[in-house]
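Protein chains in written order, with the numbering used here: chain A, 17 to 408; chain B, 153 to 209.
Don't read these hints as lab results, they were simulated from the structure.
Note that the Cβ used here is the ideal one computed from N, Cα and C, for glycine as well.
Think about it this way: if two alpha-carbon atoms lie no more than 25 Å apart in a straight line, the pair counts; the simulated DMTMM-like pairs of lysine to aspartate or glutamate are:
(1) A:K181 <-> B:D186
(2) A:K132 <-> A:E120
(3) A:K187 <-> B:D174
(4) A:K160 <-> B:E180
(5) A:K181 <-> A:E334
(6) A:K214 <-> A:E257
(7) A:K96 <-> A:D201
(8) A:K245 <-> B:D159
(9) B:K182 <-> A:D154
(10) A:K147 <-> B:D174
(11) A:K87 <-> A:E379
(12) A:K147 <-> B:E177
(13) B:K182 <-> A:D52
(14) B:K182 <-> A:E156
(15) A:K132 <-> B:D159
(16) B:K203 <-> A:D253
(17) A:K132 <-> B:D174
(18) A:K181 <-> B:E177
(19) A:K87 <-> A:E67
(20) A:K258 <-> A:D362
Partial chain A-side listing against chain B, Cβ under 8 Å, derived:
(21) D52
(22) R53
(23) K132
(24) G169
(25) R173
(26) T184
(27) I189
(28) A193
(29) G239
(30) T242
(31) C246
(32) S247
(33) L248
Computed beta-carbon distance windows for the label pairs:
(34) B:A189 <-> A:D249: 28 to 34 Å
(35) A:M17 <-> B:K182: 19 to 25 Å
(36) B:V208 <-> A:P58: 25 to 31 Å
(37) B:K192 <-> A:G126: 46 to 52 Å
(38) B:S158 <-> A:L243: 19 to 25 Å
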Amino acid sequence: MRTEYDIVVVGGGPAGSTTARFSKTENNSVALFEKDREIGIPVRCAEATSELCLRNLVPLDPKWIANTITKARLIAPDGKEVNLNLPVGGIILHRRLFDSGLAEIAANLGVEVFTKAYVHRIEPDENQRWKVFVRHLDREYLIKAKIVIAADGVESRVARWAGIKSQTLLKDIESCAQVLLGNVDVVDERIDFYISSKLAPGGYVWVFPKGNRTANVGLGVNGAQTLQKCSLDLLNDFIDEKFPGAARLTTVAGGVPVAKSLKKIAADGLLIVGDAARQVNPVSGGGILAAITAGKIAGAVAAKAININDWSLKVLKEYQTEWDKGAGKDYTLFYHIKGWITQLSDEYYNEIAEMLHKIPPSEVNLLTIFKIALRKKPALVLDAVKLFAKMI
Amino acid sequence: MIQINSDHCDLCGTCLSVCPVDCIELTETKLNIDESACTKCQLCVRICPFKALKLVG
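Excised from the complex, chain B in its bound form (with noise of 0.2 Å):
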């Protein structure tokens, strides 16, 4: 699963962008990245400005 570290994170939505799947959703206060949908292409862990995302397990 691609895992969120939420001290890194700054909610700027880089992410999404790039996401082929639009598994990502971005609220005031939070990431989400539903895992069901996600393809682990980890196009959003080489695009995160702050290296808030990455791949576990």
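So here's chain A without its partners, still in its complex pose (with noise of 0.2 Å):
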């Protein structure tokens, strides 16, 4: 480990390993720090993404995917079920080969990788460096750094200790459990999502097939939500109903941010990338392909800036506002609707899924699923206009 870098990333997920990637030239250090022993490990995900989103961002190894996903099926809180053909290709990955797969790719081109690698405070020095304090194997390190990029997940600390409020509200929070079922019967092109305030309080239950008998089985509880019962005793009772006998490989817990990301992703010699910086599909959940749009753009803007010597805001901010027009605007107007469907009550759900059932299953697709719930909440209208405008 040397005593400088020009650029230090913090955590070694989808958004770090990205940012390290697009951050390293033949003419810059830069370090990525995990504090867990292994990339990848332990696997807080339920592992979905969209295939083709994928394929442009990242050279992707067929051993990264578990399984290739082509159908959904929704059902609604009294068991009445929609089916639908996914417009485009799902894949389930297998996170931690993905994830160490990226950080592999990163270290190829010159990444210094260190894991048990614990950042425990960043203050900023009278140089205009960050001086980065690390334990690593139970002994203390003291780094300069230019830029640090803050890529520490859900739990993220490094943008607080840099002065940037991150604090999530509870509402704007999913209180997840997952376990990795075995032994169970699933359509393995299918995924299921259950929708019930029973089962699931302002979120959702998700069954994601990864083949061989295997499923990832989890819920979200909305942080305002929450019940006497933790997520994972929801989960539970879930599992003893529909799947008595599967065998439980894993049990995870996590939280999803639902929130708009920080209004603040970049500072001077700063970047917040990934969950991080709450950047989360709001709707669904998902937040693979925003940690590596984020980090593609990070890594550029802080190779640039080592680049010019110049790494102040002045030049950083060129990733909030390349984020903030692109994937940023969309999840903001995702932001919208979320508050919508959270407060939409299981009745409401158990009628839209009736009407549904009114049309031939051919013609069901996530349009005719948002006409109908337009029909019936008209409010929507607005949000609906501006989605559209923007897919088409």
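With the hints as a guide, bring both chains together as one complex.
See below:
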């Protein structure tokens, strides 16, 4: 480990590795610090993403893909099912392979990767550099960095130490539990969503098949609607009822930000990416694509800043501008839609499912679902118009 | 004080994201709460997916 780096990335998830990769050039030094012992573990993720979108962003190694998805099934609170074909192919990743694969790509470009390296403080020094305090295998290191990338996940503190408010409101976070189930009968090409205030208030239950009779089964409860029973208790009830006899191969907890991304994601010598910046699709809770999209921009901007020897906000704000006018804009719209969705009652969902049942299954797609939802709730029209204007 | 049940805690860090005073620390193997800074607001208790935190005393 050197005593100085141009760029220090805190966190070895997709956001951190992608930023590290795109920030590395032949003329700069980049270190990535991951607090856990292994990149990619534990997997706190339902692992679903879109094949098309990811292919545009990374060279996709087939080993990273556990399963391919073409269909979705939505189950209303009263048990009524709505089946639809996905407009874009979906994939279920092996996140542990995916994450370590992304870190390997960065490492092969010359990024120095350290695990069991816990950053516990950053402070500005008098020369426009950061003092980064790292504990690595029982030793304390003080490292100087020109740019720090905060990619330290939902639990992020790096941005806070730099004076940026990143506390998330309860209503803007989902309290999640997930079990990798084995010995289950699931349809491999279909993902299932259960929507019900009894099963998962202000969230949903997911069943994402991973092949070989396994599936990620989990749920999220909106932070403002948590009950006496915690997410894990609710999940265990669901599994006992729907998958009796299944094996619980892994159990994990996790928080998913369903917030607007942070207002300030760039500062002098600092960029915030991924969950740490609350860059997540607030409707689905999906964050992989956002993390990679942000990491790509942040990495390029950081590389440029080092190259021209100016890492002040004046240069780094290009990341903020690019994010805000691209994905950030879409996610802000999704955030408003999420606000509306979390208000809907079980009866409302049951009625939508009932109406969809009168349509031939081949004609059911996301658009018809949306149209029916609109007919019942005209207040959504404005958001919908914006959304579709964007898609076209 | 907020008591951590380390048998239940999965070290997921969700509590850190809602803490208004940044008094929770998460390392690879441990969750620590700085009692002197904690305001006992219990947002962490409410958000914990595994109910590993509770207010005592």
